[in-house]
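In the order they appear, the protein sequences are chains U and H. Residue numbers for the first sequence follow the numbering used here, beginning at 1 and rising by one. Residue numbers for the second sequence follow the numbering used here, beginning at 572 and rising by one.
None of these hints come from the bench; they were simulated from the model. This one's a predicted model, so the numbers in the text were calculated from it and none came from an experiment. No residue lacks a Cβ here, since even glycine has one placed at the ideal position from N, Cα and C.
Label-pair ranges, simulated between beta-carbon atoms:
(1) 919/H <-> 179/U: 18 to 28 Å
(2) 1153/H <-> 379/U: 43 to 53 Å
(3) 381/U <-> 663/H: 50 to 60 Å
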Amino acid sequence: MSQSPLSADAPRAETVRYQQGWRALNRLLHEDRSFSGNERNCAFLNRGGKGFTDISAVSGFDFPDDARAVVATDWDFDGDLDLWLTCRTAPRVRFLENRSRIAPEKWLAIKLEGDGGKVSRDALGARAEVWLEGEQVPLLRTVHGGDAFLSQGSSWLHFGLGDKAKVSRVVIRWPGGGIGEFSGIEPGGFYMVRFGNPVAVRWDHPSGQKPLVAAAQDPLPDEQAARVVLPARLPLPVLEGIGELKGPMLLNLWSKTCLSCTEELSEWSAGYDRLRSSGLKVFILNADGDSEAGGSYPFRSAAVGPSAVRGLDLFQRAVLDRWNPLPVPSSFLIDGEGRVALIYKGRVGVDQLLEDYKLLGAEPQAWRRAALAFPGRFISSLPKPQPLNVSSQLVDAAQPRVALRYLEDFAAVNPVDADVDEVIGVLRNELSRLANPGRALLAKADAIRDAGNPGAAIAAYRETLRRSPKTISAAEHLAWLLAVHPDKSVRRPAEALALAKRLVSISRNGNPSHLDLLGAAQAASGDYALADKSARAAVELLGEDPEANKVRERLKLYLEGKPYLGEPWRE
Amino acid sequence: MENAWFCLRVLQSMVVLCLLTWLSPGCNPREEHPPSGTSSPDVPVMEIIPAPGLENAPVIGPLADAWSRIDPKKDGWDSEALSAAVGVKLKKLAGLMENPSVIGNADIEELVDGDFKAGSLRALRLETIHEDSAFTVHRGITEDSPSDGMIEKVRHLLAVFDRPEPLHAAFKIYRIDASEGLANARVLFQLSGMTRRGGLQINSEWDTLWKAQSEEPKLLGIKVSNYTEVRYLSDGSGDGSETLFVDATASILGNTEAYKRQLLRSTDYWRSRVARDFGLDVVANHGLAIGDVNGDGLEDIYLCQQGGLPNRLFVRNTDGTLRDMTETSSAGWLDYCASALILDFDNDGDCDLAVSQDFKILFMDNLGEARFELALGLSTHAQTFSISAADFDLDGDLDLFLCGYNPAADRSESGALGEPLPYHDAQNGGRNMLLRNDGDWEFVEVTAAVGLDQNNNRFSFAASWEDYDNDGDPDLYVSNDYGRNNLYRNDGGMFIDVAAKLGVEDMSAGMSANWADFNRDGALDLYISNMFSSAGNRITYQRQFKPGAGDKLIAGYRRHARGNSLFEGRLDGGQFRDASVSAGVTMGRWAWGSRFADINNDGWQDLVVANGFISAPDTGDL
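Next comes chain H alone, as it looks inside the complex (with noise of 0.2 Å):
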């Protein structure tokens, strides 16, 4: 994956570490177009094809300059290229992992270097740190005197994957030192699979030693720590139960058009048919409501689509199916649409909807039925990402907090990742906006005369209510990409930003934001998304890295590469303790939406993180 460096010279530092996780395998717009299906003019093909003459698109005309520094091979990051090469064993090590019984000793020996020594790649002993229902946690102990035989030990490693289902094996570099032919890079290591007695994980970290003089590397040695290895147990019933959790997609939604025509299509399918004057992105940011719409008392699902695709109402059949209720229920919104709640904004027993539509936000009357009538649109200041309701006033009903990210209303201008700048501390971002709900369906801005201005200039993608210092009405943390976030302390009503004070600025590309107890104490803790970037993680270790910068600066280089943070709030309100590192939860990668959820029923709080940025065919990554 780790072509990300190139990106490194287009934004060189702070850019970088958002997009240094590129992960395609070149970006020169020379090779953009390969001619496929145009090898031989004479025998007429079957398929599309480019038209001729686009397979050499020339280079953008006024980006020329950006597109300059695209190339890797023009880099002058030393340490990347090595890095990259690396990148490229270690990835067809994990190739053959992946593929046990067809592993030949040449693959292996052809990585490894003639004075290769190493300990055990899998631990000797086992200690149990975690037991319950669902999961065990074993930590290895993995001192060991290293011995020669790179074969063995991979044989070894592999062994305790005693079923023939094929394994997933990733590494990702995080950290590299190179001096005298010699690199030692620094590699998260996971490999997973089936065994007899279930699922099995093992997670590791891998010191490792090359023999690097030329464009091949040669691994000369491996020290494996931080080892542990997960089991969930399965039941052997072979009834599909051999994860946690399974795909049940199908058996809820299988039957409506709409999962079959419209949801089963990717968001670029339609980008490549859909008009772009719809209001289509190719970041594709839409999320969904769960709430009860029709009264039964069971829960319902709004599906937030791009433009020129109607949001989808889906109604829970008694036996847990869905069924579309879209076309009936006036609330097919074909405009661009990021979110919804389903709420009782009017307090009169049934849920409503507000939608938020881009630069608006629509709250529409639930008529009962399902069926949903406009009550009231209104203008945003910015592009309206999550939405999150409170009774912040305390007077009985519901308001409504608008996450501004885009200033500008035109797309196209800034593009869907907008123009943070400066990058690492964004102050040009859109207006949040908080709506005071006066009854009758008006909604009245107070976002100034509450006090929520302050700080009101950043790129808010999330917002989460929580009455984190207990004194009984709800403060509101807000996730800003591209810098620091806000946690707004209400005082009876207005509002202060101690995010500063409470050390919770999180100075990172904030994307999510979650409450809970996770440590049991009786306080409520925080969990943001962030980035994780490897490439992000090794380049600002590096010596070359911003030369004559301070030590200031560079932590918070590194601190954006870091990935998602957890802050432990305390009982009386005061100081978050930054437990992200010591607790172990910063790699959840491109990370978006992530919230706590007991999946095991221990009670203690465990963490899903939805990732991923932009997968298209032409990578293999990881």
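With the rest of the complex left out, here is chain U (with noise of 0.2 Å):
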């Protein structure tokens, strides 16, 4: 079905099946679905130039994490390349150190300098080559500047040297033409070489070292409960059974089966004096739908079914990245313009309520500050409310009309957004697709007609009455085509005299068109007798209608005994 159309000039049906592929599969990865997961970080061993050998056990590296770039470096300067990596997962780094037992003689480190001049500081594209006594091709290392996957690496030239190797001679090939020869250079230590200098001066690391450990990484573990602030606030979309809820209020939804739940209602109805001072309203909804169940706490309290749970749930969703089920207890800060501006996943403390309540009233970029764990600056600006995310959530969810409504009333009362407007549009047409789908299948039909194609009309229109049979215009304009088309071969004078007189009993003899039409199927059949009473009734009961000179136009031939052809809906 959606397998990726050939080229981008695809029919556009092709290609809307694809992008729904992609986005089915995008929503499970924000649903925790693993993917390619838990795949184990691969290294090859090069065998002197005869192939490569996977060691990715052996070396220590096959880690399950899901990496993403790797560099290397001799971090603790004992000669060998150690590595770094970004993660996906946790732990988000890692440094791997490399524990091989080198002799002195096996490795070289060189590093470039250029002079800001001719030849940029950092030396990029410098290339240095180690000539290895008794070897017919140098070493090679050229200086990058950020290469393979979103890394930098260092800057450090590393070469391993091999057994028993000598070091005859380096050279260093530096951008735009520049060729500097040393010698006297030695294994196992790390040399400076400046642009223009005829020295490859050495570099001592300091001393010190604070020893490495071999130690497995202690990630924390993944937390349900959660306090997520809304930079950019929205409202609820309509819950089934709740009205209009106007904020400021704390929404909680709670549930009988979950001692979280009682304890956290139990601990804000101690509480109670402190929330009720602040003005902060407390409502609170049970989702096993027992409309007695919160009685007990000193809250306005009501019950609700899985269709508000859903609609709770939906929301939450669409604030963050990561699409899991709303647990109970949850909670929703709303402000005073009915926006929520923080959800709890879990339970939450009167102390941290009213410390949020607070809150609510800060300016913008002190709210977005609030939402951070960590401080740090930004360069975007505080972002807008995307009720996009919420209408998209609900569609998903089969919900087009409680999206529609949630962006309705999202455009009556933000400035013209035109994104909003473009997904209204749409939303209101599918919506009134949905509620008549003959209407496009007959609009469908009728193209292809006007086309020209009356072979494939006729088949769109069949279709149209099987999926749609109500689909009155269908049979007529079908009707029409078969009793009329110029064409003798489209022509099927039965078929459309019985339609005809379907539709003229489902009138009841009371629509003109019908009756003319009837007459058009009669003559077309060859009973221009009974051709003449259709249409003259037609006539009659068209009375001033400018129709009825159409229809005596036709009138006049069935008198002369021949049928009307002709492309009446053309015209």
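Take the two lone chains, each set in its own frame, and fit them into one complex as the hints suggest.
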């Protein structure tokens, strides 16, 4: 089905199906589906130019992380390459120390520096050649400033030299054509080479390196409980059985089956006076549908069914990138304008509630800072509310009407947003199409007919009637086509007659256009007497209507014993 | 793992090649939320539980069509159903091997047919094909007359691991053929663990034959080939040096709060509490840069992070540990950032910062002491991933190339994956940019002017500069997701895409590019990350796959599933040779960053490949 179109100008329907496939996949990724997950990192040993061997496990590199970037550097100055990696999973970073027991004569490290005039300070593009005694080809390294994936590695060029190697000379090819040659470089050292300087200078690393200890990292576990601050506040969708939510208020969802819920409500009850004097109203919704359950707490309470729970669930999904089911207890802090400012998944204490409630009126920048776990700075401007994230969740959950209402309500109180308006238009069209599927099919069939393809049009009208039998216009258009099309091979008088009789009977002889159609079908079948009678009845019903003249023209033909042929839909 | 195949019907063919390594045990949305903790309404539970009613989430409305193809039971691929059944058996076998002390005879017998016959699973003779101070590699001779007794064969294979630590065993089915109740599955097999002489890893391929008349296939035979054993020679000191690499992250970062509070939390943890408005996604492509930001000659680290979390600047202490200097650096950007470079862009002797921030590029001038000031911010044409600097015009200052991926500013529209069209050769990706450094923090876009708008419509992930043709100026390789890569040859500051001509388009899902002379012939070679898909390998060899498609097209599909690529360059800058398969470096799984590094100092560049797309707790794949 949704296979990729083979070219970018493929028919739109094909493309839409394909895109729908991508959306479905994206959705799964948001819902904690593993996808090529727990894959172990790979390492391959170069067997002296005779191919590679997988050493992922014995090298110790095979962590099952979702790893991303990897760079190499001799971090501990012991002459071998260590690695830094970033990961999607926790821990987000790994430092892997290379523990090879190497002899001092097996390596060499060179750092190149430009003059900032002819050659950039970082000497990017400069190439170092290490010529080993007895070898015809040098070892090569180039200075790179960012390569592989999302990474910049060490600016030290590290050379493994192998056993018993002696360096005969080092040649530096600077970008732009300069060449420098250096001798007397001993393996087992770090050397700095500056552009224009004839001597390679040995560099000594600081002493007193802290011993590196091999130890498994201890990533912190995932947690369901979360305090989510919305930098751009949005209203909730309409919740079934709950009226308009006038803030500021705290909306709480709870269940009798969850001890955290009842304990939380007990704690809030104990802090009732503090909550009350702050002005924060509390409205608790019982998710078990039990309208009596909240009675023992000093708060406004109501019972809700799965539909309202789902509404709250979809809303929190719209706010976050990770789409997990809404837990109980959960609470929504709603501001004075009826917009959700904060979502608590899991329990929240009275102190935190009152603190957050006070923050509701903070300046937008301060409010954004409150949403973050760590300080820092932004280059982006303040985020705008994204009602389409909510409507998209609702649509995907087969609630297009709720989605439309949500966007209409949003548009009514917010500045014009072309994207929102566009989606409102699409939803309205789709909903009206859903309400009357025949209409769209009919329009398609008419278009085919008007394009001069009567055979395909007939098939399209039949399909319309099969899928939406009450589409009267489809029967009318089909019958006319079958009765009077100038091409004999298109005409099917018997079928046209049957359709026309059925239409006349539906309209109980009261619709002149049906009677006119019946006349045309009768004439096509060669029964001019009956055609004459039907056409006269149509003329009579039409009275002063100018359509009557067209019927009279046909009537004349019937009197002459001729059928009417033409394409009246084109007139 | 191999439930991947059910995605086939979502995006049958091309897309599947990227997606069929799907590992979750079932995508049926009706089953998505097990009603954990709600078993008895009378006994309240303490944990946070899904709200009542959410256990049976309705089928997704407009996506229902796509969903309906995600059900493996309705999938018409019998070979894939068979592969899944065989995969279950192999996984069970792997599980038994990992705990040799508790293997019962009945456990193994349950897997094999009464007529089972096979040769030895461990090579009977070994031949040394490589030896250095760290590793020895033996090729195994496995020719052996078949006999029965799977239990003895497994015990013989495991006996070499003569220490009590647990083993790791994994199978990957990469080809399956079935006829008349028999199935032939070709399988990559890896087994690793400790011996008294050090770590041992056995790599081999098993040609397995199964009696497959029911949903419970039974093993009839195994033929072992391509057998190698690799040993890492431990010094036996027991100091944790039993592998070449050991994790020592905590020694370096363990004292910083940022490490403990931010970096020990997964992307998913933050995605479930930081509002998406800040710019987070599930893929989490965030990299790092190493460079000296305070001029003490020691390298520091800048880490990029998703939106809502600050990038981190860690400065090295003389003892090798890191201290967090984010707050005083002014470089703690909270926006979504993919990558960064630590380089001296203004040639004033200290290293500055370039940060790729989604649809912006930020240049920060180093004020000294690891403090930075925003010198220039520019909008980009696309969501930017890797950035790579070079002095392309040889005027002595650094210019910057930016890889454009998603052209749409709104990731929520197209999702983290983009919407490539057509999948196998997408031409609707974002535009890359080349910024020429004109000094004084002026950067001018010269992409079109220098010829880099040629084929500049792809989903670019990575770029790597190198003078592959040895004419003195840096050329540029660009690795693109969903299709063909570019090799822009630099002819005196003007570029021409010669990827097709030189045979390095590597039409696949490119993620990374790295140059090195791996074969020591003096010419630069190229390693590119792609995706290895065992399901893709299986499906594309089925007769049922794309009936009527030409050989060339099918070869292209197979290529998409092949994995990483290694191209041998020539000194004269001529046609590259594809050495990927002969060198044995394709199976890098779902690969991201990969690079050459001589990790054992023997003078030959080895390869490390970072991989894995999205792990979720719901699977135990592999």
